[in-house]
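2 protein chains.
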Amino acid sequence: MSILEQTIKTIYPQDSSYRDLAKERLDQLALPHWALGDLMDLAIDLAGITRSLKPAVQGKAIVTMAGDHGVVAEGVSKFPQEVTSQMVHNFVNGGAGINALARQAGAEVVVVDMGVAADMDDLARQGKIINKKIGYGTNNIAKGAAMSAANAIRAVEAGIDIANELSGSVDIFGTGDMGIGNTTPSTAIAAVITGKSVAELTGRGTGLDDEQLAHKQQVITKILECNKPDPKNGIDILAKIGGFEIGGIAGLILGAAAQQKPVVVDGFISTAGALIAIAIEPFVRDYIVCAHRSMEPGHRFMQEKIGCRPLLDLNLRLGEGTGAALAMNLVEASVAVLTEVATFEEAAVAGADK
Amino acid sequence: MSILEQTIKTIYPQDSSYRDLAKERLDQLALPHWALGDLMDLAIDLAGITRSLKPAVQGKAIVTMAGDHGVVAEGVSKFPQEVTSQMVHNFVNGGAGINALARQAGAEVVVVDMGVAADMDDLARQGKIINKKIGYGTNNIAKGAAMSAANAIRAVEAGIDIANELSGSVDIFGTGDMGIGNTTPSTAIAAVITGKSVAELTGRGTGLDDEQLAHKQQVITKILECNKPDPKNGIDILAKIGGFEIGGIAGLILGAAAQQKPVVVDGFISTAGALIAIAIEPFVRDYIVCAHRSMEPGHRFMQEKIGCRPLLDLNLRLGEGTGAALAMNLVEASVAVLTEVATFEEAAVAGADK
Numbered sequence: 024m025s026i027l028e029q030t031i032k033t034i035y036p037q038d039s040s041y042r043d044l045a046k047e048r049l050d051q052l053a054l055p056h057w058a059l060g061d062l063m064d065l066a067i068d069l070a071g072i073t074r075s076l077k078p079a080v081q082g083k084a085i086v087t088m089a090g091d092h093g094v095v096a097e098g099v100s101k102f103p104q105e106v107t108s109q110m111v112h113n114f115v116n117g118g119a120g121i122n123a124l125a126r127q128a129g130a131e132v133v134v135v136d137m138g139v140a141a142d143m144d145d146l147a148r149q150g151k152i153i154n155k156k157i158g159y160g161t162n163n164i165a166k167g168a169a170m171s172a173a174n175a176i177r178a179v180e181a182g183i184d185i186a187n188e189l190s191g192s193v194d195i196f197g198t199g200d201m202g203i204g205n206t207t208p209s210t211a212i213a214a215v216i217t218g219k220s221v222a223e224l225t226g227r228g229t230g231l232d233d234e235q236l237a238h239k240q241q242v243i244t245k246i247l248e249c250n251k252p253d254p255k256n257g258i259d260i261l262a263k264i265g266g267f268e269i270g271g272i273a274g275l276i277l278g279a280a281a282q283q284k285p286v287v288v289d290g291f292i293s294t295a296g297a298l299i300a301i302a303i304e305p306f307v308r309d310y311i312v313c314a315h316r317s318m319e320p321g322h323r324f325m326q327e328k329i330g331c332r333p334l335l336d337l338n339l340r341l342g343e344g345t346g347a348a349l350a351m352n353l354v355e356a357s358v359a360v361l362t363e364v365a366t367f368e369e370a371a372v373a374g375a376d377k
Numbered sequence: 024m025s026i027l028e029q030t031i032k033t034i035y036p037q038d039s040s041y042r043d044l045a046k047e048r049l050d051q052l053a054l055p056h057w058a059l060g061d062l063m064d065l066a067i068d069l070a071g072i073t074r075s076l077k078p079a080v081q082g083k084a085i086v087t088m089a090g091d092h093g094v095v096a097e098g099v100s101k102f103p104q105e106v107t108s109q110m111v112h113n114f115v116n117g118g119a120g121i122n123a124l125a126r127q128a129g130a131e132v133v134v135v136d137m138g139v140a141a142d143m144d145d146l147a148r149q150g151k152i153i154n155k156k157i158g159y160g161t162n163n164i165a166k167g168a169a170m171s172a173a174n175a176i177r178a179v180e181a182g183i184d185i186a187n188e189l190s191g192s193v194d195i196f197g198t199g200d201m202g203i204g205n206t207t208p209s210t211a212i213a214a215v216i217t218g219k220s221v222a223e224l225t226g227r228g229t230g231l232d233d234e235q236l237a238h239k240q241q242v243i244t245k246i247l248e249c250n251k252p253d254p255k256n257g258i259d260i261l262a263k264i265g266g267f268e269i270g271g272i273a274g275l276i277l278g279a280a281a282q283q284k285p286v287v288v289d290g291f292i293s294t295a296g297a298l299i300a301i302a303i304e305p306f307v308r309d310y311i312v313c314a315h316r317s318m319e320p321g322h323r324f325m326q327e328k329i330g331c332r333p334l335l336d337l338n339l340r341l342g343e344g345t346g347a348a349l350a351m352n353l354v355e356a357s358v359a360v361l362t363e364v365a366t367f368e369e370a371a372v373a374g375a376d377k
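Protein chains in written order, with the numbering used here: chain A, 24 to 377; chain B, 24 to 377.
Keep in mind that the hints were calculated from the coordinates and are not lab data. Do not take every clue at face value.
Identical chains blur together in the list; that is why a pair holds if it fits in one copy or across any two.
Said to hold, decoys possible - With a Cα cut of at most 30 angstroms, we get these calculated BS3-like pairs of lysine-lysine:
id, residue 1, residue 2
1, K101, K46
2, K77, K151
3, K166, K255
4, K32, K255
5, K219, K166
This is chain A alone, in the form it adopts within the complex (with noise of 0.2 angstroms):
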């Protein structure tokens, strides 16, 4: 039995008994009832994810997956290719936008080479990323498959053999995506998944204008003709619309649920591969927490397709995994309302009025 298999057969749904006693709990705190909202529906979650009524969130460890789209030929994106590798090392060197934030949620940064279009041997060798690089970009998919079907498997392995190798000292994960081109394959991942059409999906990117934008509708349009995958098969998708690192995506998340670990998912991106690992084992749903609503139009259909609302709205469209560093205090503040604040009867406060 493959990796991905015996995977998808240890994923399983929440524990209820965990979030009924999570609930009883949080019912009982000294504070007028459910009073901390959306912050104790979190906590019933990690409880349930957790099988905890003292869910870890200590170890944090924000996955920046990296790899390039050969998509970028047809000019879907304001910024070079070269960008990519750019870009890695800058998360190695400390000063990408993820960086300044992982730091202030006290999350690792992670750095996964799943397949940029450059040489990264020496930053591998050095132990400063991951290499699990399935290839040099991906193919252009505007004129045929972005990989095979073998890739698009190896690529979902790589990402659950993170999730496994850091569940060790990683109790909480986050998303996170880097690749020039990247938002077109996303789109058209969230077309197939959504059903929404490519107009109500597509959006600037990292700031297409008005005719840029239109022409990558048109790309889009095209890569759904040409491919055609099947709307209920991940790895049919993933194989023909990539990328890489939204692979590596998917497969974090599944290795996180297989681990019955949350995992926050960053933006636009990084809700592509959820879309993908939820296509490939639909209980990772509850292993999910969505960060942020991100400028992307298409985002809001993807996270009601997922079913979940997202914690932040603050106008992100980076990706990297800076979403889901900031979400991660949330995370951690929702386990903090469970575990920390003292019941009516504990406190010895009067309760409400019947």
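Based on the hints, put chain B in the right spot on chain A.
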């Protein structure tokens, strides 16, 4: 010249030259332009507030002001009045929502007795709370003024004192409140200052049913008819409607602004304090960060009047400073973006096509 008059004289708008310098740096960061959205807007505010490109945000304090309200005699709350003093003990013992969330955010909780209707001397003598008691609860505002004009000034000056005393070690202030019945005066203050109707503004507080809500609206209408405060006079509004803790919050905000430090304003009651502070000195608006959007329906109109977009929207309705504690992580994150993220040039990353 009184402390209040002296303080008002030292409150200036944000420094536009530091705002410009911050924007210049943020424009050059190695990310798609303004891709960290609201965090970048907030970073500009922090630079303008602190007159620094490296705003200090290490020292964090939530100042939770407690006071009682004579209007509880009208049956506007589901909880008995003694809960105010019981919750002060809970704060001191570290078991309340604010303790859990402040710990997560690395903030100190400073509890102030502004006018609790119980003897708090023991806690004050032990140095566990700050004693600024103006009285044992306000008068019943459905029948007359909450307090004298002199006491309204004393309440505001108490808040200013605390900001001044703490400002040696505190870089960023958060406001908080505790006071059974205090959504009633807060709603009345909102009605006076926003001009919106009582029906639009009034919410269920700690959990009123439909009948109790209708009764609360009648009481608030009576308060407004009986007291007729001058909407342009913050001290008059405070004296006539109260409460002591709302005055303390207004003073804390004025004091923070005079110290050129950011003040994160929590929920519905804290925002009533902010409206009083702005009525006293409009320039304080520049120092206010709105933490979150409360479930109380009037909160939106109050924040629109202030002209600020809240950072969080998590269906909170607890007060105590809980939303402010959560938002402090975002303020700290915004400063990390300004001070820790490399520019395109520093990171040797290629920019976008022009």
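Quick rundown of the hints versus the structure:
{"no.": "1", "hint": "K101 <-> K46", "verdict": "between (48 angstroms within a copy, 22 angstroms between copies)"}
{"no.": "2", "hint": "K77 <-> K151", "verdict": "between (33 angstroms within a copy, 29 angstroms between copies)"}
{"no.": "3", "hint": "K166 <-> K255", "verdict": "within (22 angstroms within a copy, 67 angstroms between copies)"}
{"no.": "4", "hint": "K32 <-> K255", "verdict": "within (18 angstroms within a copy, 67 angstroms between copies)"}
{"no.": "5", "hint": "K219 <-> K166", "verdict": "within (22 angstroms within a copy, 59 angstroms between copies)"}
When each numbered hint is compared with the structure, no violation occurs for any of them.
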